[in-house]
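The task is simple: from the sequences and hints, build the whole structure.
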Amino acid sequence: MTIDRRQFTKLAGAGAATAVLAWQQACVQVAETGEVSAETVRILLDAQGPRGIYGEAEEFERLRRAVANSIQISEQLRSFELDDDEHPLTIFRRG
Amino acid sequence: MQEALHFLTVRELADRLVTGEITSVDLTRMYLDRAEQLDPPPFDLPSEPRNDHDGKLSTMVTIARDHALESAERADAELRAGRRRSILHGVPYGVKDLLDTDGIRTTWGSGIFRDRVPLRNAAVIDKLRESGAVLMAKMSLGEFAGGNTSSALNPWKLDRTSFGSSSGTVAATVAGLIGFGIGTETGGSIVFPSSAVGASGLRPTFSRVSRHGCMALSWSLDKIGPVGRSAEDCGYILEQIVGYDARDNSSTDRPFSFRAEPGSMRGKRLGVHRAEFELTQSDHNRQVFQEALDVWRGMGVVVEDIELPLYPTGALFTTIVTVESGTNFKRLFDDGRAAGMFSFNEDRAAGWMAGRMMPAADYLTAQRIRSRLTREADEVVSRYDAVIAPTWPNGAALREVSEGWPIPARNEWEPSDDLDARTPRLNYIANLVGHPGLNVPCGFDLDGLPLCLQIVASPFDDQSALDFGMSFQQETDWHLQRPPYPWRP
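Quick note, the sequences are listed as chains D and H, same order. Using our numbering, read the first sequence as starting at 1 and increasing by one per residue. Using our numbering, read the second sequence as starting at 1 and increasing by one per residue.
These are computed hints drawn from the structure, not numbers from a lab. Hints may contain errors.
Output of the computed footprint for chain H on chain D, the stretches with three or more beta carbons under 8 angstroms from beta carbons of chain H [claimed, not checked]:
1) 28-38
2) 55-69
3) 74-82
Straight line, CA to CA, 20 angstroms or less: simulated SDA-like cross-link-like pairs of lysine to any residue [said to hold, decoys possible]:
4) H/LYS330 with D/PRO50
5) H/LYS157 with H/LYS330
6) H/LYS330 with D/PHE80
A virtual CB, placed ideally from N, CA and C, is assigned to each residue, including glycine.
Right under this line is the structure:
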């Protein structure tokens, strides 16, 4: 099946939105329970491509803990007060 | 007492090479024989940390004997013809097995890449070749530059950690198995292991040294730097490996011409991050650090206590490194090779995958905070010629390897999220903002393990950190202490 550009944009946008919504969902779950549900992690994982080693239950549990940890760390950074004019430190140098 | 040849500094070795007292072939053969006699790998490397070392340090993943002897013969021929490329000409060195070497396997410390043989040299390897240095060995490290996870032991006491990740490089330098070494650092991987074994190790200013051909752990944090038996060694080596390289986006064209004489230190200003001096649990260690500061005071240096800005350095580090590593190592996960990572790295791998999932906004938030930290840290450090703190508050910790689940000594100094003023911060701030840092030994703890200080200077003022290190080593002999052989169990 081939799809045109408009359909592709719609599908890709839906995929990205799914990942963003899943991360937001994970943030809520961590705030409420300290953990992320397996279902939410699976959505996040599938948005990355092949499941690879995280198709195995033991590794998947390890990942579930790591996602919760990442969210707790992100919360520290999100709550850090910054001026609106603070730019990110990105390096793009030519020549 | 005359120092044994294998323990001489780069300058001392260079003096003997240039006068013809020794040849590069003799010197290289001496180091190769010594390595093969004292430190043959007791098991296949790379490896998980293990107990069955049979008294060996396990500093070398690959000894490149034929390559080294060919390079040494070439160096001697050039010297005979009156062509001396640099002070490193003819001096054998070892490089952390993270940098590509043409025709010599480069494993990144991982069993996954046990048979990886690159067909190119990293930029640093090419520069050292142009300098006439002799590549002798690829040094062991924690898998994928993992912190405290190396198989290399500490030559001062075999039951202690040599930390990581440049542990093979620093341990071999201190044990007199190589002339000098090259390590890499993302968050402490040169200065921390240097501190554990008492080496002089320099983390150069970020972007001074090209990372082309070196495994990337974090594009925005990785540095490559020298390890030697003196601060002066580090200056000579750095001078040969700096320079702009279009293949590294972060590379800058800032010249560095090493000045081996620190000159008068009178009136120079040293900022002391006092809170970190209070972190040691030992009165003896505190006294050792204090006496080191008194050495500079005795030279007329103005020594002042300082405060460093309070930032969530741990959260910044974890976010930046996991997002960048997770992106870089994506293929390992996609094709399943990540299953071959060593057991101690399973949580780390999961962290990388979680980093890949993190929204771009969170990564950019980390880089915005880092931007403000950089401004504030630059301002504090710019008031001084250098800023100082213990690299590590105590001697090297016990290396704990329990049966069935090898876990190296717990890293009690992972960047802390504690914003309290007592949190050790100088190293992590300096790494986040790209300041140069030099580790120098300054004494021993009550178990006979080295204690060291980290001297941090403003960006591109690597010379200032070296000046403080060299002036200290002109007045003291801690950097000349050698671990006795057989190495203590």
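Open item on the list: Could you work out which of the previously given hints the structure breaks and list their numbers from low to high?
Closed with: 1, 5, 6
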